[in-house]
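K.L.:
Sequence:
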Amino acid sequence: MSASSSSSDDNNNEYNSDEYVDEENNKDFKKSWPFGARGRATDVPAPSGVACLQINKVLARAEETAGEFTFGGQADMLPVAPGLFVDGVGPISVPLTEEFAQKIIAMSKKSPLGRKYEMLVDENVRKGWQLESGRVEFKNPLWHSGMEKLSTTIANRLGYEGIPLQCVLYKLLVYGEGGHFTKHKDTEKEDGMIATLVLQPPSLHKGGDLVVYRDTTTEYRHDFGKKDSTAAYLPHYAVHYADAEHALENVTKGYRLALVYSICLPRTVRQLRRNHCQSLSEGLASAVSSMGAGDDSFALLLSHQYTEKSIEELGSGALKGIDLIARN
Numbered sequence: 001m002s003a004s005s006s007s008s009d010d011n012n013n014e015y016n017s018d019e020y021v022d023e024e025n026n027k028d029f030k031k032s033w034p035f036g037a038r039g040r041a042t043d044v045p046a047p048s049g050v051a052c053l054q055i056n057k058v059l060a061r062a063e064e065t066a067g068e069f070t071f072g073g074q075a076d077m078l079p080v081a082p083g084l085f086v087d088g089v090g091p092i093s094v095p096l097t098e099e100f101a102q103k104i105i106a107m108s109k110k111s112p113l114g115r116k117y118e119m120l121v122d123e124n125v126r127k128g129w130q131l132e133s134g135r136v137e138f139k140n141p142l143w144h145s146g147m148e149k150l151s152t153t154i155a156n157r158l159g160y161e162g163i164p165l166q167c168v169l170y171k172l173l174v175y176g177e178g179g180h181f182t183k184h185k186d187t188e189k190e191d192g193m194i195a196t197l198v199l200q201p202p203s204l205h206k207g208g209d210l211v212v213y214r215d216t217t218t219e220y221r222h223d224f225g226k227k228d229s230t231a232a233y234l235p236h237y238a239v240h241y242a243d244a245e246h247a248l249e250n251v252t253k254g255y256r257l258a259l260v261y262s263i264c265l266p267r268t269v270r271q272l273r274r275n276h277c278q279s280l281s282e283g284l285a286s287a288v289s290s291m292g293a294g295d296d297s298f299a300l301l302l303s304h305q306y307t308e309k310s311i312e313e314l315g316s317g318a319l320k321g322i323d324l325i326a327r328n
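For what it's worth, the UniProt record's numbering labels the leading residue of the sequence shown as 1, then goes sequentially.
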């Protein structure tokens with residue numbers, strides 16, 4: 001996995017030099033979140049007053065404990081042979097051959113895409129096949145114990161250490177030559193879903209990198225072991241937040257087999273509070289208690305996007321990543 005970024009033009013960050021700036025309180029603000037970015041006065045609401053500036057300063061520290069935006073690599077806790085069994089086909093060996101790929105495709109349907117309230121098939125946007133999770137089994141018991149270990153790794157890297165995140169199989173995907181999916185965001189398939197896991201068993205295909213985007217300047221590339229020539233011999237994985245924009249590049253040769261999981265918080269801990277948030281909470285409590293009647297109001301902008309359903313049903317329990325840190 002690699003990350004690349006480019007800096008924006010300094011002329012896009014102009015600000016009115018006549019406006020008062022408290023250098024002591026502003027010198028170590030984050031540049032882009034939540035209110036540290038410099039721009040024109042009419043761009044966004046900005047905090048003022050000593051208490052509001054202190055709140056901004058405390059919240060800027062939340063990013064340090066928010067977990068990784070996207071990550072992946074070798075899934076060496078999983079067996080090379082998952083014991084994959086597809087209803088109507090039987091056992092499937094990996095790497096996926098032409099014969100078995102065609103057998104799976106014969107039992108699958110073309111992958112649709114959601115557009116408003118419709119599910120459509122448009123191969124200019126997405127070209128591939130999918131099989132629902134109910135038709136997929138893993139006969140190798142080491143796969144299940146390995147998934148438990150992988151779930152722990154994912155929880156730690158997302159910033160949920162000690163929380164038993166649940167990886168729920170959503171579907172099996174097959175992409176042949178020319179298969180792709182243009183830039184898009186996942187929908188929340190399960191209650192409490194916070195992220196998506198893509199698992200790729202050993203594979204011989206070419207192309208088909210997963211690219212995850214963060215804002216307009218940074219992208220993360222997951223090649224699932226192609227660069228170090230381990231793709232054919234080991235399972236690989238990638239994790240990204242469900243609301244992160246991502247795309248699957250064209251498969252140029254062979255067949256790509258992937259397993260997509262929804263990563264969810266257990267219902268019993270959706271209103272969790274993290275121990276490492278205590279210092280942030282204490283800092284916020286101190287700042288809020290010092291606010292006077294003359295202090296301006298402030299707004300906290302959320303970094304992630306949420307569906308109306310998740311907010312209505314889970315409230316603040318739907319928050320994830322840096323938003324969850326700030327709430328706690």
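Be aware that a few hints might be false.
Stated by the list, open to error - Here are the computed lysine-lysine pairs in the DSS-like style, where the Cα-Cα straight-line distance is at most 27 Å:
{"id": "1", "residue 1": "Lys183", "residue 2": "Lys253"}
{"id": "2", "residue 1": "Lys57", "residue 2": "Lys109"}
{"id": "3", "residue 1": "Lys171", "residue 2": "Lys189"}
{"id": "4", "residue 1": "Lys139", "residue 2": "Lys183"}
{"id": "5", "residue 1": "Lys185", "residue 2": "Lys253"}
{"id": "6", "residue 1": "Lys183", "residue 2": "Lys149"}
{"id": "7", "residue 1": "Lys185", "residue 2": "Lys206"}
{"id": "8", "residue 1": "Lys149", "residue 2": "Lys109"}
{"id": "9", "residue 1": "Lys253", "residue 2": "Lys149"}
{"id": "10", "residue 1": "Lys110", "residue 2": "Lys183"}
{"id": "11", "residue 1": "Lys206", "residue 2": "Lys57"}
{"id": "12", "residue 1": "Lys103", "residue 2": "Lys139"}
{"id": "13", "residue 1": "Lys57", "residue 2": "Lys226"}
{"id": "14", "residue 1": "Lys57", "residue 2": "Lys110"}
{"id": "15", "residue 1": "Lys103", "residue 2": "Lys226"}
{"id": "16", "residue 1": "Lys109", "residue 2": "Lys227"}
{"id": "17", "residue 1": "Lys110", "residue 2": "Lys139"}
{"id": "18", "residue 1": "Lys103", "residue 2": "Lys253"}
{"id": "19", "residue 1": "Lys171", "residue 2": "Lys183"}
{"id": "20", "residue 1": "Lys226", "residue 2": "Lys171"}
{"id": "21", "residue 1": "Lys103", "residue 2": "Lys171"}
{"id": "22", "residue 1": "Lys149", "residue 2": "Lys226"}
{"id": "23", "residue 1": "Lys185", "residue 2": "Lys139"}
Since the hints were derived computationally from the structure, they do not count as laboratory data. Predicted model, so just to flag it, every value in this text is computed and none were measured.
K.L.:
Work down the list of hints and note, for each, if the structure agrees.
P.N.:
Hint-by-hint comparison with the structure:
1. Lys183 with Lys253: Roughly 21 Å between the alpha carbons, so the hint for Lys183 and Lys253 holds.
2. Lys57 with Lys109: Roughly 51 Å between the alpha carbons, so the hint for Lys57 and Lys109 is violated.
3. Lys171 with Lys189: Status holds; Cα separation ~11 Å.
4. Lys139 with Lys183: The hint is violated at about 34 Å.
5. Lys185 with Lys253: 26 Å, holds
6. Lys183 with Lys149: Status violated; Cα separation ~30 Å.
7. Lys185 with Lys206: 24 Å, holds
8. Lys149 with Lys109: Answer violated: Lys149 to Lys109 is near 32 Å, above 27 Å.
9. Lys253 with Lys149: Answer violated: Lys253 to Lys149 is near 32 Å, above 27 Å.
10. Lys110 with Lys183: 18 Å, holds
11. Lys206 with Lys57: With a Cα-Cα distance of about 46 Å, the restraint between Lys206 and Lys57 is violated, given a limit of 27 Å.
12. Lys103 with Lys139: 19 Å, holds
13. Lys57 with Lys226: Roughly 42 Å separates the two Cα atoms, so the pair is violated.
14. Lys57 with Lys110: 49 Å, violated
15. Lys103 with Lys226: OK: Lys103 and Lys226 at ~25 Å, within 27 Å.
16. Lys109 with Lys227: Violated, at roughly 31 Å.
17. Lys110 with Lys139: 26 Å, holds
18. Lys103 with Lys253: Satisfied, since the Cα-Cα distance of roughly 18 Å is no more than 27 Å.
19. Lys171 with Lys183: Distance of about 19 Å is within 27 Å: holds.
20. Lys226 with Lys171: Holds: Lys226 and Lys171 sit about 23 Å apart, inside 27 Å.
21. Lys103 with Lys171: Holds: Lys103 and Lys171 sit about 16 Å apart, inside 27 Å.
22. Lys149 with Lys226: Roughly 24 Å between the alpha carbons, so the hint for Lys149 and Lys226 holds.
23. Lys185 with Lys139: With a Cα-Cα distance of about 32 Å, the restraint between Lys185 and Lys139 is violated, given a limit of 27 Å.
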